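Residue numbers (my numbering), protein chains in the order written: chain A, 9 to 207; chain C, 9 to 207.
A few of these clues could be false.
Since copy identity is lost for identical chains, a pair holds within one copy or between any two.
What the hints assert, rightly or not - With a straight-line cut-off of 25 Å between C-alpha atoms, the simulated DMTMM-like cross-links for lysine to aspartate or glutamate are:
id : residue 1 : residue 2
1  : Lys108    : Asp176
2  : Lys108    : Asp190
3  : Lys105    : Asp172
4  : Lys108    : Asp89
5  : Lys105    : Asp137
6  : Lys60     : Glu81
7  : Lys105    : Asp41
8  : Lys108    : Glu65
9  : Lys105    : Glu128
10 : Lys60     : Asp193
11 : Lys36     : Asp193
12 : Lys36     : Asp137
13 : Lys105    : Asp190
14 : Lys60     : Glu184
15 : Lys105    : Asp77
16 : Lys105    : Asp191
17 : Lys69     : Asp41
18 : Lys69     : Glu27
19 : Lys105    : Glu182
Worth flagging that the hints you see were computed from the coordinates, not collected in a lab.
Because the structure is a prediction, the values reported are computed rather than measured.
Number of protein chains: 2
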Amino acid sequence: MPPTSPTLTAERILEATEEVLRRHGPAKATVVDVARALGVSHGSVYRHFRTKAALREAVTKRWLDRTTDLLAEIAGAPGLDAETRLRDWLAALFAAKRRKAFDDPELFATYSVLTTETAETVVSEHIADLTGQLTAIVRDGVASGAFTAADPSVAARALFRATDRFHDPHYAREWEQPGVQDDFDALVGLLLRGLRARA
Amino acid sequence: MPPTSPTLTAERILEATEEVLRRHGPAKATVVDVARALGVSHGSVYRHFRTKAALREAVTKRWLDRTTDLLAEIAGAPGLDAETRLRDWLAALFAAKRRKAFDDPELFATYSVLTTETAETVVSEHIADLTGQLTAIVRDGVASGAFTAADPSVAARALFRATDRFHDPHYAREWEQPGVQDDFDALVGLLLRGLRARA
DNA sequence: CAGCTGACAGATATTGAATTCTGTCAGCTG
DNA sequence: CAGCTGACAGAATTCAATATCTGTCAGCTG
Numbered sequence: 009m010p011p012t013s014p015t016l017t018a019e020r021i022l023e024a025t026e027e028v029l030r031r032h033g034p035a036k037a038t039v040v041d042v043a044r045a046l047g048v049s050h051g052s053v054y055r056h057f058r059t060k061a062a063l064r065e066a067v068t069k070r071w072l073d074r075t076t077d078l079l080a081e082i083a084g085a086p087g088l089d090a091e092t093r094l095r096d097w098l099a100a101l102f103a104a105k106r107r108k109a110f111d112d113p114e115l116f117a118t119y120s121v122l123t124t125e126t127a128e129t130v131v132s133e134h135i136a137d138l139t140g141q142l143t144a145i146v147r148d149g150v151a152s153g154a155f156t157a158a159d160p161s162v163a164a165r166a167l168f169r170a171t172d173r174f175h176d177p178h179y180a181r182e183w184e185q186p187g188v189q190d191d192f193d194a195l196v197g198l199l200l201r202g203l204r205a206r207a
Numbered sequence: 009m010p011p012t013s014p015t016l017t018a019e020r021i022l023e024a025t026e027e028v029l030r031r032h033g034p035a036k037a038t039v040v041d042v043a044r045a046l047g048v049s050h051g052s053v054y055r056h057f058r059t060k061a062a063l064r065e066a067v068t069k070r071w072l073d074r075t076t077d078l079l080a081e082i083a084g085a086p087g088l089d090a091e092t093r094l095r096d097w098l099a100a101l102f103a104a105k106r107r108k109a110f111d112d113p114e115l116f117a118t119y120s121v122l123t124t125e126t127a128e129t130v131v132s133e134h135i136a137d138l139t140g141q142l143t144a145i146v147r148d149g150v151a152s153g154a155f156t157a158a159d160p161s162v163a164a165r166a167l168f169r170a171t172d173r174f175h176d177p178h179y180a181r182e183w184e185q186p187g188v189q190d191d192f193d194a195l196v197g198l199l200l201r202g203l204r205a206r207a
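Input sequences plus hints: build the corresponding full structure.
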């Protein structure tokens with residue numbers, strides 16, 4: 009049962025934790041389960057993570073960072089005008105969240121729980137990362153004369169807030185309803201109209 | 009203890025229910041409590057409301073309608089241009105929710121629970137009412153040449169969605185943080201810019 | 001006889017005793 | 001001696017027995 013043991017590393021613990029969470033769900037996943045999956049005693053897990061909460065936080069961060077990295081590519085895409093990048097970025101964020109929620113509802117529910125329990129540190133950093141990417145796009149747009157915005161970072165926050173419904177897990181159950189894509193397109197259209205510089 | 013009994017009416021039951029909910033909270037408020045507060049047997053309550061869920065739904069509707077009525081006055085205010093009414097309306101919605109959340113946190117939490125449990129019927133009607141008011145304002149703006157919008161009702165939905173963060177109870181805990189008013193103003197500014205007709 | 005009561009069956013919630021889990025640490029092992 | 005183990009205390013969770021609540025209805029009352 010216990011798999012081969014090529015030295016116990018934080019990374020291997022995180023992988024095992026993700027697997028245990030997927031199997032048992034957030035309510036029943038225990039540190040002992042994680043240790044068992046790795047073929048070690050649970051004391052060893054505590055050598056790498058001071059508390060169970062810290063372990064869950066690290067796993068959550070990993071998960072959120074995967075989305076951040078994906079979007080960073082779009083934010084920094086070369087040769088595209090700011091408006092296209094902004095549209096693509098917002099669409100990619102929505103698509104990524106929707107895909108996660110649809111493809112593996114159990115795991116998505118698990119991470120929804122994790123993000124509410126770790127709210128303060130990890131999630132707000134994640135949001136800061138994302139609005140940072142948005143700020144870069146808006147700033148480019150202002151520089152190229154495509155957008156008007158007194159303060160790009162303020163505009164970026166406003167964009168992120170305005171689209172909450174399309175990326176906050178709290179609204180996930182609405183993402184499968186018929187008209188969502190139209191609602192999303194209408195909102196993005198309105199926001200871009202507000203951002204565009206006047207002729 | 010039992011108060012004077014001037015015939016048992018649905019309205020009196022709703023008042024008593026609200027009081028019981030305020031006292032005991034949503035988890036512990038029972039139909040028997042409501043009956044006791046009215047000095048009747050709980051069987052009598054079931055004469056007016058088929059189930060406990062129906063009673064809670066009716067109380068929730070009452071609560072939501074109070075906000076709807078308040079905003080209807082602004083939506084229909086005579087002699088004000090559409091942009092001012094739209095600004096006022098959105099500000100009034102945010103202010104009303106924030107006031108409720110701040111003045112009586114327990115009751116607000118109670119109704120937050122009620123709205124999630126009765127989600128489908130009552131709440132979606134409430135949202136339909138509100139976006140209906142928004143649609144009327146946008147339509148007026150289009151008619152007067154102040155706004156551009158292919159379909160006012162689509163624009164109204166987008167406006168309502170975009171401002172979710174400032175009226176959905178789910179975000180209530182963020183309404184007391186320092187920068188919220190600025191965030192709100194920035195978002196409304198961006199949305200109005202998007203709505204305004206070009207010169 | 002319209003409106004109310006209160007006893008009742010089944011569903012739901014509460015309680016506390018027993019189990020399981022978290023986090024520590026003295027000592028084992030390679 | 002760095003890294004791991006496993007027994008342990010206190011915290012948290014489960015589970016089953018017990019109590020309370022919901023919804024009904026036959027019959028009482030004004």
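Ascending list of hint numbers which this structure does not respect = 4, 6, 7, 10, 11, 12, 14
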